[in-house]
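K.L.:
Going line by line, the protein sequences match chains B and E. For the record, in the first sequence the residue sitting at position 279 is 279 according to this note's numbering, with numbers rising by one throughout. For the record, in the second sequence the residue sitting at position 113 is 113 according to this note's numbering, with numbers rising by one throughout.
Bear in mind the hints are in silico, worked out from the structure with no lab data behind them. Each residue gets a CB set at the ideal place from its N, CA and C atoms; glycine is no exception. A couple of the hints might just be wrong.
[As the list claims (entries may be wrong)] Dumping the calculated BS3-like pairs for lysine-lysine here, alpha-carbon to alpha-carbon at most 25 Å: (1) B:K408 x B:K303; (2) E:K256 x E:K150; (3) B:K326 x E:K256; (4) E:K204 x E:K120; (5) B:K404 x B:K303; (6) B:K408 x E:K91; (7) E:K16 x E:K91; (8) B:K326 x B:K408; (9) E:K120 x E:K150; (10) E:K204 x E:K16; (11) E:K91 x B:K410; (12) E:K16 x B:K326; (13) B:K410 x E:K204; (14) B:K258 x B:K326; (15) B:K410 x B:K326.
[Unchecked claim] Covered stretches of chain B, going by a simulated chain E footprint (3 or more residues, C-beta under 8 Å): (16) 196-205; (17) 321-333.
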Amino acid sequence: MILLLKNGHIIDPTIGRDEMADIFIVEGVIDQIGKKIGTGVAADVFDLNGKIVAPGFIDMHVHAREPGFEHKETIATVAAAAAAGGFTAICCMPNTNPPIDDASVVEYIQKKVSNIERNVVDVYPVGAVTKDREGKELSPMAELAQAGVVGFSDDGSPVAQAEIMRRALEYSSMLNKPIIQHAEDLSMTRGGAMNEGITSTRLGLPSMASVAEEIIIARDLGLVEYLHPPLRTTNASVQYHVAHVSTRGAVELIRQAKNKGLPVTCEAAPHHFSLTEEAVRSFDTNTKMNPPLRTQDDVQAVKEGLRDGTIDAIATDHAPHSFDEKQVEFIHAPFGIVGLETSLGLAINELLETNILSLAQLVEKFSVNPRKILHLNSVSIAEGQRANLTIFDPQLQWAVDIRKFRSKAKNSPFDGWQLKGKAFAVVNRGEIYLP
Amino acid sequence: MALSRRHLLGLDGVPKEDIEQILDTATSFREVLERPIKKVPTLQGKTIVNLFFESSTRTRISFELAERRLSADVVNFSADVSSVLKGETLKDTVRNLEAMKIDMVVIRHAAAGAADFLGKVVQANVINAGDGAHEHPTQALLDMYTIREKFGTLEGIHVCIVGDISHSRVARSNIYGLKTMGANVSVCGPRTLIPRFIEPLGVKVYYDLDEAIRDADLLNVLRIQLERQGSALFPTLREYHQTFGITRERLDRSGKTVTILHPGPINRDVELSGDVADSEHSLIIQQVLNGVAVRMAILYLLGTGR
Numbered sequence: 001m002i003l004l005l006k007n008g009h010i011i012d013p014t015i016g017r018d019e020m021a022d023i024f025i026v027e028g029v030i031d032q033i034g035k036k037i038g039t040g041v042a043a044d045v046f047d048l049n050g051k052i053v054a055p056g057f058i059d060m061h062v063h064a065r066e067p068g069f070e071h072k073e074t075i076a077t078v079a080a081a082a083a084a085g086g087f088t089a090i091c092c093m094p095n096t097n098p099p100i101d102d103a104s105v106v107e108y109i110q111k112k113v114s115n116i117e118r119n120v121v122d123v124y125p126v127g128a129v130t131k132d133r134e135g136k137e138l139s140p141m142a143e144l145a146q147a148g149v150v151g152f153s154d155d156g157s158p159v160a161q162a163e164i165m166r167r168a169l170e171y172s173s174m175l176n177k178p179i180i181q182h183a184e185d186l187s188m189t190r191g192g193a194m195n196e197g198i199t200s201t202r203l204g205l206p207s208m209a210s211v212a213e214e215i216i217i218a219r220d221l222g223l224v225e226y227l228h229p230p231l232r233t234t235n236a237s238v239q240y241h242v243a244h245v246s247t248r249g250a251v252e253l254i255r256q257a258k259n260k261g262l263p264v265t266c267e268a269a270p271h272h273f274s275l276t277e278e279a280v281r282s283f284d285t286n287t288k289m290n291p292p293l294r295t296q297d298d299v300q301a302v303k304e305g306l307r308d309g310t311i312d313a314i315a316t317d318h319a320p321h322s323f324d325e326k327q328v329e330f331i332h333a334p335f336g337i338v339g340l341e342t343s344l345g346l347a348i349n350e351l352l353e354t355n356i357l358s359l360a361q362l363v364e365k366f367s368v369n370p371r372k373i374l375h376l377n378s379v380s381i382a383e384g385q386r387a388n389l390t391i392f393d394p395q396l397q398w399a400v401d402i403r404k405f406r407s408k409a410k411n412s413p414f415d416g417w418q419l420k421g422k423a424f425a426v427v428n429r430g431e432i433y434l435p
Numbered sequence: 001m002a003l004s005r006r007h008l009l010g011l012d013g014v015p016k017e018d019i020e021q022i023l024d025t026a027t028s029f030r031e032v033l034e035r036p037i038k039k040v041p042t043l044q045g046k047t048i049v050n051l052f053f054e055s056s057t058r059t060r061i062s063f064e065l066a067e068r069r070l071s072a073d074v075v076n077f078s079a080d081v082s083s084v085l086k087g088e089t090l091k092d093t094v095r096n097l098e099a100m101k102i103d104m105v106v107i108r109h110a111a112a113g114a115a116d117f118l119g120k121v122v123q124a125n126v127i128n129a130g131d132g133a134h135e136h137p138t139q140a141l142l143d144m145y146t147i148r149e150k151f152g153t154l155e156g157i158h159v160c161i162v163g164d165i166s167h168s169r170v171a172r173s174n175i176y177g178l179k180t181m182g183a184n185v186s187v188c189g190p191r192t193l194i195p196r197f198i199e200p201l202g203v204k205v206y207y208d209l210d211e212a213i214r215d216a217d218l219l220n221v222l223r224i225q226l227e228r229q230g231s232a233l234f235p236t237l238r239e240y241h242q243t244f245g246i247t248r249e250r251l252d253r254s255g256k257t258v259t260i261l262h263p264g265p266i267n268r269d270v271e272l273s274g275d276v277a278d279s280e281h282s283l284i285i286q287q288v289l290n291g292v293a294v295r296m297a298i299l300y301l302l303g304t305g306r
């Protein structure tokens, strides 16, 4: 593969690059970056005028559903959806069947990835914190890390017991991997289908109070503070990452913890800065997710958290479900929506267009920060580096059409939304993919 | 002479004119119910399905009576939730109904939003006979009819809804309808059974029943679900009766006349003592009679509308 990408606006916060230039790529490696690169050899040439070239985006929170729920999504279809959405990497969560609590499951996933033809998406499994994600005994974390997991989470379920969380933080610190918490006090949320607020009161739907998210985060931050700093003779720092932060109180707790210098990071999902609980008024089951859509004030807080850096990363919590599974009564519908193919557009609309984030900050949230959190090699746009690029057009107007999704699932509340900004191409693993 | 919408899914957002029209039409049907022959040919040739996914005796009978008195053809479908969960989905049930060319559907379901779901997918007119803790609009309309009959108006009447507000579809529909009609609405019950975010609906909250009675013209007393006892919501039925039960003694102590409604069935000596339920201030039996007339009005207005 020989590629010549002309006139792109390169933004790479890792090395402070922000310039218009051409990129010449040979066999997956950036051969040359410069003005008006000519080519003697036969190259595929793309004019990227008006488009942004950034280090490849990674979505650190994806449910690939394989193994076990292949009717919802597979490794192959989730990779296709990721590429279409502008991602060159995803992390797949361990709530599969069997769960990713054993090295053999990691190997199975890796094999499925290697079977995808012309794949442009790296897939990083996240291992379970506890066996069967039951919150009782630690999973074989060292073996999982050896097999290639990049972090640990019981996502979908919280690590409910304080003692288990403490030990998980300690154990994973030896492996230099984060614990990713789905923060939810189950004793408060059981049976809940949406946020507790004015809308749940109107609709009479069983609800989940925002404080149920905050209670677990507060407890965990207490544990992190207790276990920090590392012992003097080791560097093993606990690392705590909060998945899909959705409430003002949660953002504020994490902000305070960061101000104290605690090793804490977090992510937010596009639906938590694009929609409020008001969307549930229609009883559309594609507005049912966990954490639920919150209030306008919470949305505002998530945006503030993104702006001031409290929220490190944007991650979708891509949660595919089959058509029939969502075509039921609201209380019986499963939680979650697909996100990979709308994430970038929503972020550009809600964050870039509104000047909450600069282009460089947007790239940090989509690429640089999640890689740091997971201790992945940083990706930069420099000569001699492997080409791992997300190319997007921040101006392109388009309408979301679930029928065009490459994900197997279509459960999105954003069908028909007019968005500005869309992926143009991704380059990775020696391939280019154009959605 | 038609309502502004095709279905009656709830009272949230239903305009005053529609509510007035239903109540006025019910007055005519109330008169029909006093005749020796209580049947009119209004809905002859129309087929109505009563789709009851949750057990109900009085609401189903009230609907069925209303339907038959309008000369409609009536089909009853009952399924307890467990058998539905095992087999057919709501969507499939609905598609089957649709294939049978039904004109109107009355649905009762344990899940909030079930009637809305139906309303989106079927051609037939949908009437919500109770969906989870969401709405029970025909109950609220018959309550409002009964209040209007007693006081001559709804405007300015102070109605206090007493009991488990959190889990009550009757409470929600009453709040929406009464507020639209200009009544003052309050709720009273243990704090654990009153939604944290109820006030934005425009209601006043009381935790003290005596205070609530002092300010109210009428109490709409909700049935307490016996199985909620002993959970985190309230400790015992005895304590509930002591603190939130409507008794003759409590009413006498207030020194005023307060009218009592109850959607039934009553747990005697839990939320309401028997002597109050059977007293001259109780309109509980009128509610039942009015229920048939109000349901006839709704069926008529929807069934002969657009």
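K.L.:
Next, verify each hint and record whether it holds.
P.N.:
Each hint tested on the structure:
no., hint, in the structure
1, B:K408 x B:K303, "violated, 30 Å"
2, E:K256 x E:K150, "holds, 16 Å"
3, B:K326 x E:K256, "violated, 53 Å"
4, E:K204 x E:K120, "violated, 34 Å"
5, B:K404 x B:K303, "violated, 29 Å"
6, B:K408 x E:K91, "holds, 22 Å"
7, E:K16 x E:K91, "violated, 32 Å"
8, B:K326 x B:K408, "holds, 14 Å"
9, E:K120 x E:K150, "violated, 37 Å"
10, E:K204 x E:K16, "holds, 21 Å"
11, E:K91 x B:K410, "holds, 18 Å"
12, E:K16 x B:K326, "violated, 35 Å"
13, B:K410 x E:K204, "violated, 43 Å"
14, B:K258 x B:K326, "violated, 38 Å"
15, B:K410 x B:K326, "holds, 10 Å"
16, 196-205, "holds (count 9)"
17, 321-333, "holds (count 7)"
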